[in-house]
Amino acid sequence: DQQVKQNSPSLSVQEGRISILNCDYTNSMFDYFLWYKKYPAEGPTFLISISSIKDKNEDGRFTVFLNKSAKHLSLHIVPSQPGDSAVYFCAASVGTGKLIFGQGTTLQVKP
Amino acid sequence: DGGITQSPKYLFRKEGQNVTLSCEQNLNHDAMYWYRQDPGQGLRLIYYSQIVNDFQKGDIAEGYSVSREKKESFPLTVTSAQKNPTAFYLCASNSPTEGRANYGYTFGSGTRLTVV
Chain A
1 DQQVKQNSPS LSVQEGRISI LNCDYTNSMF DYFLWYKKYP AEGPTFLISI SSIKDKNEDG
61 RFTVFLNKSA KHLSLHIVPS QPGDSAVYFC AASVGTGKLI FGQGTTLQVK P
Chain B
1001 DGGITQSPKY LFRKEGQNVT LSCEQNLNHD AMYWYRQDPG QGLRLIYYSQ IVNDFQKGDI
1061 AEGYSVSREK KESFPLTVTS AQKNPTAFYL CASNSPTEGR ANYGYTFGSG TRLTVV
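If you're matching them up, the sequences are chains A and B in order. So the first sequence is numbered by our numbering: it starts at 1 and just counts up by one. So the second sequence is numbered by our numbering: it starts at 1001 and just counts up by one.
Looking at chain A on its own, in the form it has when it is part of the complex (with noise of 0.2 Å):
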C-alpha cells in the first residue's frame, strides 16, 4: 500500500518558467514532510520541508504548499534552471522519524 504518491512519473518544463511537482499521501498522522532533489548515482539531497501545522514554506526559489485536506503537498520551482533537472521524491514522516517516500518524479528543464 503506497502511503506516498507521486503520479506524475516525468515533467518537462522550458528554462524560466514554473515547474510544479505534486505528491499525494494517505495517512493523516504525517506530520512533516520533505522534498529532496537527487542525480543519477547519487544520494539525495535534502531540499525543502514544512510541518502539518503550515500551509507554506519558501525558500528562495523552491516554495512548498500543503493542502491537508486533500492531502496533497506541491513543489514549484520558480524560475526554473536547467539544473534542476533532476528526479524529485517527496517523503512524510508519522512522528518517529522514519521517512516513506514516494516514486519519485524526473524533472527536465529545457534550456
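No lab work stands behind these hints, which were simulated from the structure alone.
In silico lysine to any residue, SDA-like type, Cα no more than 20 Å apart, as pairs:
1. A:K98 / B:S1073
2. A:K98 / B:T1097
3. A:K98 / B:L1027
4. A:K98 / B:P1075
5. A:K110 / A:Q81
6. A:K98 / B:D1054
7. A:K98 / B:K1057
8. A:K98 / B:G1058
9. A:K98 / B:S1095
10. A:K98 / B:S1067
11. A:K98 / B:R1068
12. A:K98 / B:Q1056
13. A:K5 / B:Q1041
14. A:K98 / B:V1052
15. A:K71 / A:S8
16. A:K5 / B:L1045
17. A:K110 / A:P9
18. A:K98 / B:K1071
19. B:K1009 / A:P40
20. A:K37 / B:R1112
Starting from the known structure of chain A, fit chain B onto it as the hints suggest.
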C-alpha cells in the same frame, strides 16, 4: 566535514554469494536506514536502526541482514536469498529524537550492486 560514507561505490556479486555494503556516519546521528532504489519504484526501506544494538525490518527486508554494533556504523549484507539484488542502495541517517526539524535524512552517495 561531517557526513555519511558508503563503500564501495560499485560492487559486483556472483550468484550465490553474500556481499556486505558499508555505511559509516560521523554526524552523531542516532538513527540509520537502508533503502533500495529501483527504476520507477522510488526508495524502499530495507532495514532501520534507531539505537545501537537494535534494528527493525522495513518493507523489503527478505534476503538482507544488518547489524548496529556501533553508533557510527550500519553495514548491510545482501545474502544469496535475495532473489533480485541488482539495485542502487542508499544509506541514510538522522536524529529524530531531537525534534521534527531533524527528521530530514542525510544520505550517502550510494552503492550500485550488480549480480553477474
